[in-house]
Amino acid sequence: MEKKKKLLFITWDSGTSNYLETLFFPIFDALSQKYGLEVSVIQFSWADKSEVSRINHLAEKAQIKYFHYSVYRKPVASLAAIYSLWIRRKVVLKLIRSQNFDWIMPRSTMPALLIRFLARQINWNATRLAFDADGLPIQERIDFSRLKKGSGQHRFLVKIEKEMLQKADIILTRSNAAIDWHLKENRELNPNKFFKVINGRDPQLFQRNENSRTTFRAKWGIRADEKVLVHSGSLGNAYYLKPVFELMERDSRLKLLILSRNSSWMEQNLPLSLKDRVMSIEGAFKEIQAYLSAADLGICLRTPAPSLKGLAPIKLGEYLLCGLPVWLSPEIGDLRQELGGQESCFLADQNLDQILDWLMGLSPEIHLEARELGLQLYSLEQSAMSYGRALGC
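In this text, residue positions in the sequence shown follow UniProt numbering: the first is 1, and each later residue adds one.
Check each hint, because a few of them may be wrong.
Once the Cα atoms are required to be at most 25 angstroms apart in a straight line, the calculated BS3-like pairs of lysine-lysine come out as [what the hints assert, rightly or not]:
#1 Lys90 x Lys65
#2 Lys90 x Lys159
#3 Lys286 x Lys219
Per label pair, the in silico range of CB-to-CB distance [what the hints assert, rightly or not]:
#4 Ala238 x Leu58: 23 to 33 angstroms
#5 Tyr240 x Lys167: 33 to 43 angstroms
#6 Lys159 x Trp358: 16 to 26 angstroms
#7 Arg120 x Leu352: 29 to 39 angstroms
These are calculated hints, taken from the structure and not from any lab test. Ideal Cβ placement from N, Cα and C applies to all residues, glycine included.
Whenever a hint applies, use it, and build me the whole structure from the sequences.
Written out as C-alpha cells, the structure is:
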C-alpha cells in the first residue's frame, strides 16, 4: 500500500478570524477523502481559550491534528509577534522532525518568517515547501492598513516574502493576476512553480432553501416586488458599499441584508435615510445559507486598489451556489475573465441605471444558472482538485 502523504499547514490569524474553520478545514477534509492526505495544522493567534477549544473540536471532527500557540501583543505588537514565533521555533521543529511531513505549507508572511528561522534545521531532501502566498497581503496592508511603502517594516516583510517565493518548491495563489504580479516583481522566479487554487464551498451546505426563503422574507416583511441585496462577511474601508447605498436611494423597492460580525461599522456609515431598509444579522457559519436563500442579489464590491489583483472572494462561491446573481468589482483577481458576460453576474464598472435595469429584469429562473456557475467554478470538489494538482496528489 502506498504511504499516505502528510502536510503541515501553518497559519497566523487574529482573535476572531474564521478562515481556518470555514475555508481550510473543509478543503483539508476533502483532500483527505479524495487523496488520503493527512493534514496537521499549527495556528498562531490571539484567540481566547474558549475559541481555541471550539476550533480544536472542529479539527477533531475533520480528523485534523491541531496545534495552537498564542501570539503576544505587547508592549509593541510587531516585535511581540516576532517574539511569539521565536519562542515556539523549537517545539515546531520537534513536531516537524517527529512527523516526517512530505509538505510544509506556511500561509503568508508571518508563518514564512517561522520557516525562515528553521530553514537550516529542516531536512529539505525529505520535505518539500509549499508557500501559500495568500493574495497580495503586503500590498493590501499598504492599501488599507497604513503600512508605509519603503518603511523599515515594509522592507522587512518584502524580504521575508521574497525569500519564501525563491525557496518554495511550489507557490499557491488565488488568481492568475497574482501570479503575474509576483513574476513582474521577482523576474528570476520560475513560472512553473505557481499554481492557482480555488476557494471552494460545499454545495451540499450552500444551496437555495425555499422554506428558508419563504420564512425569512415573511418575517422581514418583504413584498413580492421588492429585492433583497446581501453583503456577507467583513466590513470596513476595503469593502465598497457606497454604490449599494446610492442604488437603494434610487429605488425604494431595494432592501439590504448585512451578514457580518462588524455591525458597528454599519451604524457609523449607513445613511440615515436607509436605516429602516437595512437588516443586520450576526449569524453562525452554518446559518448563512438560510439567510442567503432569502436574498435576490449578492454584493461582492471592493474599494479599488492594486491589491485586489490577488483576491478570490470566498463569499462569491457562497452566493452563486445559493442561486444568487452577483454584483461584483471586475478589478478583483480573475473575475472579469471568469465571469464577464455571464447573465447572472454584473460588473460594477457599469452605471447604476444599468444595474437597476438588469436586476429588475432578471428571470425568475436565474437562480438555476447562478447555481450551475457556482458548481462549475467554486465548489469544494474544484477546490480539492486544484490543491491536489499543486501537491502532486
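Checklist entry - When you check the alpha-carbon spacing of Lys90 and Lys159, does it fall within 25 angstroms? => result Between Lys90 and Lys159 the Cα gap is close to 23 angstroms, so the pair holds against 25 angstroms.
Next on the checklist: Just to be careful, I want the Cα atoms of Lys286 and Lys219 compared with a cutoff of 25 angstroms; is the pair within it?
Outcome noted: holds (20 angstroms)
Checklist entry - Given a hinted range of 29 to 39 angstroms, is it respected by the beta-carbon distance of Arg120 and Leu352? => result violated (57 angstroms)
Checklist entry - Measuring from beta carbon to beta carbon, are Ala238 and Leu58 in 23 to 33 angstroms? => result The hint (23 to 33 angstroms, Cβ to Cβ) holds, given that Ala238 and Leu58 are roughly 27 angstroms apart.
Checklist entry - Quick one: are Tyr240 and Lys167 within 33 to 43 angstroms, going by C-beta? => result Holds, since Tyr240 and Lys167 (Cβ atoms, about 36 angstroms apart) stay within the stated range.
Checklist entry - Straight-line Cα separation of Lys90 and Lys65 no greater than 25 angstroms? => result OK: Lys90 and Lys65 at ~18 angstroms, within 25 angstroms.
Item to check | Lys159 paired with Trp358, Cβ distance criterion 16 to 26 angstroms | outcome: violated (46 angstroms)
In this structure, the earlier hints numbered 6 and 7 are contradicted, and the remaining ones agree with it.
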